[in-house]
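J.: Knowing the structure of chain U, use the given hints to seat chain D on it.
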Amino acid sequence: MTRWFEDIEIGADWPLGSHAFTEAEIIAFATAYDPQYFHIDPEAARHGPFGGLVASGWHTVSVGQRHMVDALGAEAERLRAQGREPGVPGPSPGVNAAEFKAPVRPGDTITYTLRVTGKRVSNSLPGWGLLTNIIEATNQRGELVYRAELVAFSKLREAAG
Amino acid sequence: MGSANPAWPPRKAGPAEWLASRGRLTYTSTAMNPVTAHRRHFEDLALGETVELGAVTVTKDMIFAFAREFDPLPFHLDEDAAKRSLLGGLASSGWQTGALTLRLLCDGFLNSIAAAGGLGFSDLKWRQPVMAGDTISARATIAGLRRSSHHPELGIMTLDLVVLNQRGEPVMTMSLANLVEAREGIPA
Numbered sequence: 001m002t003r004w005f006e007d008i009e010i011g012a013d014w015p016l017g018s019h020a021f022t023e024a025e026i027i028a029f030a031t032a033y034d035p036q037y038f039h040i041d042p043e044a045a046r047h048g049p050f051g052g053l054v055a056s057g058w059h060t061v062s063v064g065q066r067h068m069v070d071a072l073g074a075e076a077e078r079l080r081a082q083g084r085e086p087g088v089p090g091p092s093p094g095v096n097a098a099e100f101k102a103p104v105r106p107g108d109t110i111t112y113t114l115r116v117t118g119k120r121v122s123n124s125l126p127g128w129g130l131l132t133n134i135i136e137a138t139n140q141r142g143e144l145v146y147r148a149e150l151v152a153f154s155k156l157r158e159a160a161g
Numbered sequence: 162m163g164s165a166n167p168a169w170p171p172r173k174a175g176p177a178e179w180l181a182s183r184g185r186l187t188y189t190s191t192a193m194n195p196v197t198a199h200r201r202h203f204e205d206l207a208l209g210e211t212v213e214l215g216a217v218t219v220t221k222d223m224i225f226a227f228a229r230e231f232d233p234l235p236f237h238l239d240e241d242a243a244k245r246s247l248l249g250g251l252a253s254s255g256w257q258t259g260a261l262t263l264r265l266l267c268d269g270f271l272n273s274i275a276a277a278g279g280l281g282f283s284d285l286k287w288r289q290p291v292m293a294g295d296t297i298s299a300r301a302t303i304a305g306l307r308r309s310s311h312h313p314e315l316g317i318m319t320l321d322l323v324v325l326n327q328r329g330e331p332v333m334t335m336s337l338a339n340l341v342e343a344r345e346g347i348p349a
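Taken in order, these protein sequences are the chains called U and D. So that you can map any letter, position 122 of the first sequence is 122 in the working numbering, and since no number is skipped, the others follow by simple counting. Just add 161 to wherever you are in the second sequence, counting from 1, and you've got the working numbering.
None of these hints come from the bench; they were simulated from the model. Hints are supplied without guarantee of correctness; some may be wrong.
[Stated by the list, open to error] Pair by pair, the computed Cβ-Cβ distance ranges are: (1) D:GLN327 - U:THR109: 33 to 43 Å; (2) U:GLU85 - D:THR218: 16 to 26 Å; (3) D:ASP321 - U:GLU75: 53 to 63 Å; (4) D:ARG288 - U:ASP7: 26 to 36 Å; (5) D:ARG200 - U:GLU23: 23 to 33 Å; (6) U:LEU125 - D:GLU345: 46 to 56 Å; (7) U:GLU25 - D:ASP222: 15 to 25 Å; (8) D:THR218 - U:LEU125: 23 to 33 Å; (9) D:GLU345 - U:GLU77: 53 to 63 Å; (10) D:GLN327 - U:SER122: 23 to 33 Å; (11) D:ALA226 - U:THR22: 14 to 24 Å; (12) D:GLY250 - U:ASP70: 32 to 42 Å; (13) U:GLU75 - D:ARG200: 25 to 35 Å; (14) U:GLY17 - D:ARG300: 49 to 59 Å.
[As the list claims (entries may be wrong)] The following residues of chain U were derived to be distant from chain D, with all beta-carbon distances above 10 Å: (15) ALA74; (16) GLU99; (17) LEU156.
Small disclaimer: the values here were computed from a predicted structure and weren't measured. No residue lacks a Cβ here, since even glycine has one placed at the ideal position from N, Cα and C.
Looking at chain U on its own, in the form it has when it is part of the complex (with noise of 0.2 Å):
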């Protein structure tokens, strides 16, 4: 959120965009993170639990994270043309829980979306808030494909000054 903490609403659907995932990059992904056979080799892949080969997880979340920051910079920019300061966002603690809930394969197209669910001031760190975001990825049949619940920090524009 490239918002001041408080100017940021709750229930609100963010659109992060879309990303195809190839074969190739889905192998060079799990060569260098996941190498397990269903990741890397889509002829041993075919005797796997997905019938063929299929992205990481932990690829599926990261290109998530690639459209989140895609989305706040340009929302940033939007901001700085209309002659307002963007808000700070901060690092993440955690992520409360994330699902894998079908494959993502060779050629399929993967849309993000992001929702903040909740926000609180921080007690342990003063000048901050904390945010919940809910990202689900979808595929190009609409079927939920990755979810997960993510807390980051954003920066109070009282504390700002």
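T.: Just chain D, lined up with the frame of chain U:
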């Protein structure tokens, strides 16, 4: 922090409930899988089993490369911006710390068992930043083992993961749910 949907996240509902809603499994007998035939299966795993995974040093170049692709926030891409940020210096993306941990988990454990895909994770906490030059290591403990009620040829393994830096301080903890092929389905 409230949630708009009180039914989510499914803190009470476990991986079996997630699995039940999936219907994505394409086989009914794992005996036909030649890739995992000689690996340890669900029946070979023990509750409380702890696996010490390897270690990896997180370099500045690794941080820049991952951040450029997946998490291009100023405090992961620029050392001056990083010094001014909450992190106090150049640190890895939390998602990168997780990805590197997953690699350690594959090399040290998942690729030696008949692992059949991740269901999800919960209670992921980034407890302190992983700074450029830090060496992280990880430990996995089997915290749960049960049969899938809908796919009895599969078990659901819950792993508690602890990631430490070179000073032995926890930098990340999480609980991960993973499917594992069983040798035998439960007889009807």
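J.: Confirm or reject each hint.
T.: Status of each hint after checking the structure:
no. : hint                            : verdict
1   : D:GLN327 - U:THR109: 33 to 43 Å : holds, 41 Å
2   : U:GLU85 - D:THR218: 16 to 26 Å  : violated, 39 Å
3   : D:ASP321 - U:GLU75: 53 to 63 Å  : violated, 37 Å
4   : D:ARG288 - U:ASP7: 26 to 36 Å   : holds, 30 Å
5   : D:ARG200 - U:GLU23: 23 to 33 Å  : holds, 25 Å
6   : U:LEU125 - D:GLU345: 46 to 56 Å : holds, 52 Å
7   : U:GLU25 - D:ASP222: 15 to 25 Å  : holds, 20 Å
8   : D:THR218 - U:LEU125: 23 to 33 Å : holds, 29 Å
9   : D:GLU345 - U:GLU77: 53 to 63 Å  : holds, 58 Å
10  : D:GLN327 - U:SER122: 23 to 33 Å : holds, 29 Å
11  : D:ALA226 - U:THR22: 14 to 24 Å  : holds, 19 Å
12  : D:GLY250 - U:ASP70: 32 to 42 Å  : violated, 24 Å
13  : U:GLU75 - D:ARG200: 25 to 35 Å  : violated, 47 Å
14  : U:GLY17 - D:ARG300: 49 to 59 Å  : violated, 37 Å
15  : ALA74                           : holds, 12 Å
16  : GLU99                           : violated, 4 Å
17  : LEU156                          : holds, 13 Å
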